[in-house]
Every structure is written in C-alpha cells, then in structure tokens.
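Asks: Spelled out, the chains give:
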Amino acid sequence: MPPLRHDAETFYAETHYERMVRRPGGSPRDEALAAAQLQIDELKVGFLDWLNQQLNQLSSALGELDADPAVTSRVERAYQVCAQVQDVGTTMGFSLVTFVAKTLCEVLESMKAGAIYDKEMIDCHINALLYVAKDPHRSLTQQQIVELSGGLRRLAGIASIIPGKNDA
Amino acid sequence: MKSTVNLRDLVILVADPSAYTRRVINGMLRGFGANKILEAEQSTGLFQALSSQKIGILLCDLQLPPHGGLALTRTIRGNADNENRTLPILLMTNNTSEKIVKNARDSGANMVVAKPMSPNSLYDRLGWIAFHPRPFVDTPNYFGPDRRFKIEGFPGGVGRRKGDSMVDVAEESGPALAQNDIDSLFTAARAGQS
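Just so you know, the protein sequences line up as chains A and B, in that order.
According to our numbering, the residues represented by the first sequence are 147 to 314, in order.
According to our numbering, the residues represented by the second sequence are 70 to 263, in order.
This is chain A alone, in the form it adopts within the complex (with noise of 0.2 Å):
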C-alpha cells in the first residue's frame, strides 16, 4: 500500500485582528449590542425616506424590464435595487419588508436563471411592497398577514419554474 501522501501543510497565523480583539478594555457584550442599538435607531429617522427612494427606484427599474424583459442587465438592476431594500428592511425593524422584498429577489434571480417574465407577478409583489412599506401594515409580521405571505411565497415558487430545466 502506497504512503500517504501529505501534500496540504496547516500553520497558525496570529492576526493582527486576534491580537486588538482581544485587548482588555473592550465593552461587555450587552453594552456594545445596547450601542449598536442606539445607533441603528438614530438612522431609523432617515429610513422611511430612504425606503421611499428606494420603492421609486424599484418601479422605474421594474417599468424598464417591462419594456423589455430580455435584457439582462435592467433584470440585474431591478435585482440590486430590491436587495438593498431586502438587506435593511428587518435591521430597521421592518420584517415585512425585508420579507417582500426577499420574495420579489427569487423571482428576478429565477428570471436571471431563464425563468419566463411574468408581469403579474412581477406587479403582485411591488404592491405588496408598497402596502406594507406604509402605515400600519409596515409594522405587521408575517403571521400578522397569512394570506399574503402564503400567496407571494406560492408565486416566488412558481417562477422559479424554469422551461427545460425543471421538467422531470
């Protein structure tokens, strides 16, 4: 039997970062999560504005996919936009938000894997989120509202219906 061949050699590197991390001085866990906490919620001020922007962004980049749903790169940007929105929304305390918009991602990621563009679908989910963007669904979770979220879960499964490749 031939010896084992070690060709994978394993070293520890102190980094500069363990070396800082780990002074003394540093705040107990639940002071700096509380600072944490203190600061998202002064940001919270600016947020509505910003999601508003936001949601605009989303519909004109949404209305020129309409226009065209073969091009890729408007797919892309409507894909980025909503990502943003995905990736703040719970952080600001809007879970609803970060939930639609997560629904909305799968479908354009499905469109960029060579789903079929579906309209409806695609106008579904930007008034879902216009609906809970606003006052007082955006403080809803999604328990609060069963029958949305069950049914935006429903579309994002059927777009990811891929023609030829999903056929068993």
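None of these hints come from the bench; they were simulated from the model.
Hints should not be assumed to be uniformly reliable.
[Said to hold, decoys possible] 20 Å max Cα-Cα, derived DMTMM-like pairs, lysine to aspartate or glutamate:
1) B:Lys123 / A:Glu164
2) B:Lys171 / B:Asp215
3) A:Lys190 / A:Asp281
4) A:Lys280 / A:Asp187
5) B:Lys123 / B:Asp78
6) A:Lys265 / A:Glu210
7) A:Lys280 / A:Glu293
8) B:Lys105 / A:Glu164
9) B:Lys123 / A:Glu222
10) A:Lys258 / A:Glu293
11) B:Lys168 / A:Glu252
12) B:Lys123 / B:Glu108
13) B:Lys168 / A:Glu255
14) A:Lys258 / A:Asp212
15) B:Lys105 / B:Asp78
[Said to hold, decoys possible] Derived coverage of chain A by chain B (criterion: at least 3 residues anywhere in the stretch with Cβ under 8 Å from a Cβ of chain B; other residues may be distant):
16) 171–177
17) 234–246
18) 289–301
Glycine is no exception: its CB is placed at the ideal position from the N, C-alpha and C atoms.
Starting from the known structure of chain A, fit chain B onto it as the hints suggest.
Replies: Quick look at chain B alone, frame taken from chain A:
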C-alpha cells in the same frame, strides 16, 4: 468571565455596494467601540486600501461589484506575496443557501453572516473569529482557514494532513457517577416501567 471584543483603533474595511447598508454596519461597529472604519462600494481600488494601511478585518458583501465577494476572497487568499493573505474575511449575504455558504467557505472566507444583520449576529461573529481561530491550510488548490470547524483527529493518528493527530483522552479515574447516583437512576427507571 466572558471575553469582550475590543475594536478600538482597529481598522475595519466595510465593502458593500449599498451606501445605506454601509451606514447601518458602520453604526453597529461604532456601537461596538470601533473608531476606524473604512468603506468601499466596489472591489476596484480596494487592493490599494489594503496595501496602503494595516486593515484588521474585511467585511465584504457577496455581490460586491464588479466580480463579487467570492472572487475577491480568492484573489486575496491566492496571492502568496500578499501580506493580507491571512486577513480575516467576513462575507455578508442575503442568500444563505447551503450552496452559497459552501462556496464562501471554499473561497477562503472565515465566516458568513446573513443579511439583514442584527447587532447580535455581527458581534458574535467578530468575537468568534478572534477567540476561536482556526489554523490556515495551504494546499495547491486552497488557501484559507481550515474548513473543518471541529478537529477530532483520526484513528491511529493518520490523517490527511501532517498536523492531524490522535485526540488526547484522559486516563480513566473511576466512575463518572457515584454509586448512589447510579442506583437512584435504576430505581427511577424501574418505577417508570411499573
């Protein structure tokens, strides 16, 4: 006593295409005590930042333009002459499917954090990277932190890597439970059967 994370005077580079997301992450890090935070909206020019000053950790979005966070991580890890080769890299992504996480791991990232992020998830990962360091592995087709989080050794001390060895097990020094405790467990079990 629990360890604290000290980010004071550590240079942290946050790379994310969204200005608002960068602000949110920046805010969290400042809350944790960081005071030196650099931002980048794309990877172009990021290497200049890496070479011009000592960066402590890179927080990078998986979809960072133009080539994405995975490609950036591979480039940093792949350059043997680069002093930042062992730089801790925390990849941020809104898609935490198994495939994506595996790809992040195989690119050489230290860890993945899901977006939207909470202060808890970010703080814990920053702490984990500092207090639970993994050895680096250098192979012809991978350079980065050991992708195995739990190293338990191999029977007979023979493994795939030179450093693999038997797990040290302490000598047996008597029963783990006192005889009285064992007797009570049996008594309770019998009572449950009847």
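Asks: Holds or violated: Lys105 (chain B) and Glu164 (chain A), Cα atoms, limit 20 Å.
Replies: holds (16 Å)
Asks: Report holds or violated for chain B covering the stretch 234–246 of chain A, Cβ cut-off 8 Å, minimum 3 residues.
Replies: holds (count 6)
Asks: Given the hint that Lys265 (chain A) pairs with Glu210 (chain A), test it: the Cα-Cα distance must not exceed 20 Å.
Replies: holds (12 Å)
Asks: Can you tell me if the stretch 171–177 of chain A counts as covered by chain B, using C-beta to C-beta distances under 8 Å and a minimum of three residues?
Replies: It holds: at least three residues are needed, and the stretch 171–177 of chain A offers 5 whose Cβ sits within less than 8 Å of chain B.
Asks: Against the 20 Å threshold, does the CA-CA distance of Lys123 (chain B) and Asp78 (chain B) hold or violate the hint?
Replies: holds (11 Å)
Asks: Given the hint that Lys123 (chain B) pairs with Glu164 (chain A), does the C-alpha gap stay at or below 20 Å?
Replies: Distance of about 13 Å is within 20 Å: holds.
Asks: Need the status of pair Lys105 (chain B), Asp78 (chain B): alpha-carbon distance at most 20 Å?
Replies: holds (6 Å)
Asks: Run the distance test for Lys171 (chain B) versus Asp215 (chain B): straight-line Cα separation, threshold 20 Å.
Replies: holds (13 Å)
Asks: Please work out if Lys258 (chain A) and Asp212 (chain A) have their alpha carbons no farther apart than 20 Å.
Replies: Holds, at about 14 Å.
Asks: Within 20 Å, alpha carbon to alpha carbon, are Lys280 (chain A) and Asp187 (chain A)?
Replies: holds (19 Å)
Asks: Okay, the stretch 289–301 of chain A and chain B, do three or more residues pass the C-beta test at under 8 Å?
Replies: Violated: only 0 residues of the stretch 289–301 of chain A have a Cβ under 8 Å from chain B.
Asks: Next pair to validate is Lys168 (chain B) with Glu255 (chain A); report whether the Cα-Cα distance is within 20 Å.
Replies: holds (15 Å)
Of the hints listed earlier, those the structure fails to meet are numbers 9, 10, 18, in rising order.
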